[in-house]
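Q: All chains should be built: construct the whole structure from the sequences, respecting the hints.
If you want the building blocks of each chain, they are given just below.
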Amino acid sequence: MSRNRATEDAATEGRLRELAPRVLGAVARRYGDFAGAEDAVQEALLLAATQWPAEGGPDNPFAWLVRVASRRMVDEYRRNDARRRREDLAASWSTAAPDAAPGPSDDDTLILVFMCCHPALRPGAAIPLTLRAVGGLTTREIANAFLVSESTMAQRISRAKAQINASDEPFALPPPDQRAERLRSVLHVLYLLFNEGYASSTGPDLTRTDLSSEAIRLTRAVRAALPDDGEVLGLLALMLLTEARRPARTGPGGELVPLAEQRRDLWDRELIGEGVALVTEALRRGNIREYQIQAAIAAVHDQAQRHADTEWSEILALYELLEGMTGNPMVTLNRAVAAAMADSPAAGLAILEGLDERLGDHHRLYSVRAHLLELAGDDENAITEFRAAAARTTNLREQQYLTTKAARLSRTATSPE
Amino acid sequence: MPRYMLLQNYGEVESHCAPMTEWTPADIKAHIDFQNVLNQELSARGELVDAQGLAGPEVAKFVVSDDTGAPVITDGPYPESKELLAGYRLIDVETPARAIEIAAQASAAPGPNGLPIRQPIEVREVLSAPDPEV
Numbered sequence: 047m048s049r050n051r052a053t054e055d056a057a058t059e060g061r062l063r064e065l066a067p068r069v070l071g072a073v074a075r076r077y078g079d080f081a082g083a084e085d086a087v088q089e090a091l092l093l094a095a096t097q098w099p100a101e102g103g104p105d106n107p108f109a110w111l112v113r114v115a116s117r118r119m120v121d122e123y124r125r126n127d128a129r130r131r132r133e134d135l136a137a138s139w140s141t142a143a144p145d146a147a148p149g150p151s152d153d154d155t156l157i158l159v160f161m162c163c164h165p166a167l168r169p170g171a172a173i174p175l176t177l178r179a180v181g182g183l184t185t186r187e188i189a190n191a192f193l194v195s196e197s198t199m200a201q202r203i204s205r206a207k208a209q210i211n212a213s214d215e216p217f218a219l220p221p222p223d224q225r226a227e228r229l230r231s232v233l234h235v236l237y238l239l240f241n242e243g244y245a246s247s248t249g250p251d252l253t254r255t256d257l258s259s260e261a262i263r264l265t266r267a268v269r270a271a272l273p274d275d276g277e278v279l280g281l282l283a284l285m286l287l288t289e290a291r292r293p294a295r296t297g298p299g300g301e302l303v304p305l306a307e308q309r310r311d312l313w314d315r316e317l318i319g320e321g322v323a324l325v326t327e328a329l330r331r332g333n334i335r336e337y338q339i340q341a342a343i344a345a346v347h348d349q350a351q352r353h354a355d356t357e358w359s360e361i362l363a364l365y366e367l368l369e370g371m372t373g374n375p376m377v378t379l380n381r382a383v384a385a386a387m388a389d390s391p392a393a394g395l396a397i398l399e400g401l402d403e404r405l406g407d408h409h410r411l412y413s414v415r416a417h418l419l420e421l422a423g424d425d426e427n428a429i430t431e432f433r434a435a436a437a438r439t440t441n442l443r444e445q446q447y448l449t450t451k452a453a454r455l456s457r458t459a460t461s462p463e
Numbered sequence: 030m031p032r033y034m035l036l037q038n039y040g041e042v043e044s045h046c047a048p049m050t051e052w053t054p055a056d057i058k059a060h061i062d063f064q065n066v067l068n069q070e071l072s073a074r075g076e077l078v079d080a081q082g083l084a085g086p087e088v089a090k091f092v093v094s095d096d097t098g099a100p101v102i103t104d105g106p107y108p109e110s111k112e113l114l115a116g117y118r119l120i121d122v123e124t125p126a127r128a129i130e131i132a133a134q135a136s137a138a139p140g141p142n143g144l145p146i147r148q149p150i151e152v153r154e155v156l157s158a159p160d161p162e163v
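Protein chains in written order, with the numbering used here: chain A, 47 to 463; chain B, 30 to 163.
Hints were generated in silico from the structure; no laboratory data involved. As the structure is a prediction and not an experimental result, all values here were calculated from the model. Glycine included, every Cβ here is placed at the ideal spot set by N, Cα and C. Incorrect hints may appear among the rest.
[Unchecked claim] Chain A side only, calculated, beta carbon under 7 Å to chain B, not exhaustive:
#: 1; residue: Asn126
#: 2; residue: Ala437
#: 3; residue: Thr440
#: 4; residue: Leu442
#: 5; residue: Ala452
#: 6; residue: Ala453
A: Set out below in C-alpha cells:
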C-alpha cells in the first residue's frame, strides 16, 4: 500500500502529517466542535493525498487544508437535519479566508493530545484517536497497525470522539490544577502505544505501521510543547533508549534475542546518545518520577559495552527506588534479576519468594525464576519453570524463545550431542 | 472465492512424536521457520487472510452465563485440553482442492529430526453471505 507509493506521494504524506494537528487545531478552535472538525480534517487530508501529487500542492498548504476542512464542516452541518439550528450560524462562518499562517502549533498539538488522551477514554480508544487526530494517520493505516478491519477501527474512533464530545470539554488546555494529572494519562497512552509497537509479534507484519516510531514522534511533539517537564523528557529518553536496541532484539528468523545475548554493535548509537543526554537533563531537574527512573535504567544497560560490563549495582539501586515509588510487583521481579546479577542468584530467588500471591499465575514470574535457577546451576528446576512460562505467555515470540530455552537446557542436562 | 478455516488443536499427532518442549533447539527452529515460510508463501499468493496461534490451555477460561447476569468462569487447565484449539489459518482460495493442498502442507510441518509431525488439520469452510441475486 502506502509502502509502494512513489517518493512524491511519500513527501506529500509527510507534509500532510506534520500539518494535520495544526489544521485540526485551527478548525476545531474556530467551530468549537472537536469531533466534527476531526472528521472534516481527515477528509481534507485524504483529498490532499490524492490531489496534490497529481496536480501539485497549493502555495499555502495549511490554508488550503483549513479551507477545505471548513467547507466540509459547513456542508455537513447543512446536511444534518438534527443540526438545523446551527445552520444559520454555520452559514455565517467564513470559509473563504482562513488564517494564512498556522497558529501556535505546539499549543494546538498539546490541546489535541490532552483531548485524545482524555481520562474518560480507555487506552484502546485513546490510542487510535491520538494516531488519527494528532499523528495524521488514516483510519486504514491505523486499522492495519492493529490488525482489525477499517470499519471496526472507524467505529472505535467515532465512539471515542462521541465520549469526548459528551464530556463537553472546551477546546483549550486543561485548567492548571488538573494539568499534572491529565499529563499522566497522556504519557501513559504514549507509553502503551510505544510498547504495542515494540512488543507486537503477531500476524504478517509487513504492512503494519510502525507504532513505536509514531509514539516517539508524538512524544517529541509533546516535548516541544512542554520542554521543561522532566517526565516528558524521561518518557522520550526511555523510548529512544529502548528503540536503540531494536535491531538486535530479533534474530534473522524473527526469534527473540535476550539482552544478554544481543549483538551490541547493532545498537543504534545515535539514539543512545540522544537518549542518554535527555535522561541526564531530566535527572538534573530533580522531582524524579517513574519514566525518568526507567530511562535511567535503560541508559545504564545501553552504556555497557558488553553484557558483562553492566553496572548491576546501579540498576539494582534504581529498581529499589522505583519499587518504593510504585509498589508494583513487576518492578519487584526486575529488582530480583538485578539482585541476582549484582549479588548472587540466591539473593534474586529470595526476592521472588512471596511474589506468587501478588502476581498470581503470571508467566513473567515463571520465566524470571527459570532464568535465576539456570544462573544458580539448577537446570532441572529451570527447565520446569521455562516450560511453565512458555505455557502461560501470550506473546508468540516469547513462547518460542522460552520453549527453545527449555529444550536447550534439557539437551545439556541429559544427552550432550 | 471460498474461505476456509484450517484449525489445529493440542491433540495427538499421527507421527506420535514427543511434545515440542522436548525437541532439540534446532528442530524447534526448523518447525517455526517452516510455519513462517508457509505464511509468507500464502501471503505472497494472496491467499492468507489471517494466521494466529492461541495462548495455551493454562491461561484459557470458560465462561457460561448463569442466567442472572453473573457469569460462571472456569479457569484452565482442563482435563480435555487436547481438544482445545491451538491455532488457525484463515485462507481465501480459488478452489476447495487448494484448501486441502494447503492443509496437507501444514500437516507435514517438520518435527524431531525433520520428520513430518503429521498433525491432523481440520478444514472448515466459512459460511458466506447469500448471493445478491437470491
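Q: Would you list, in rising numerical order, the hints stated earlier that this structure does not obey?
A: Number 1 only.
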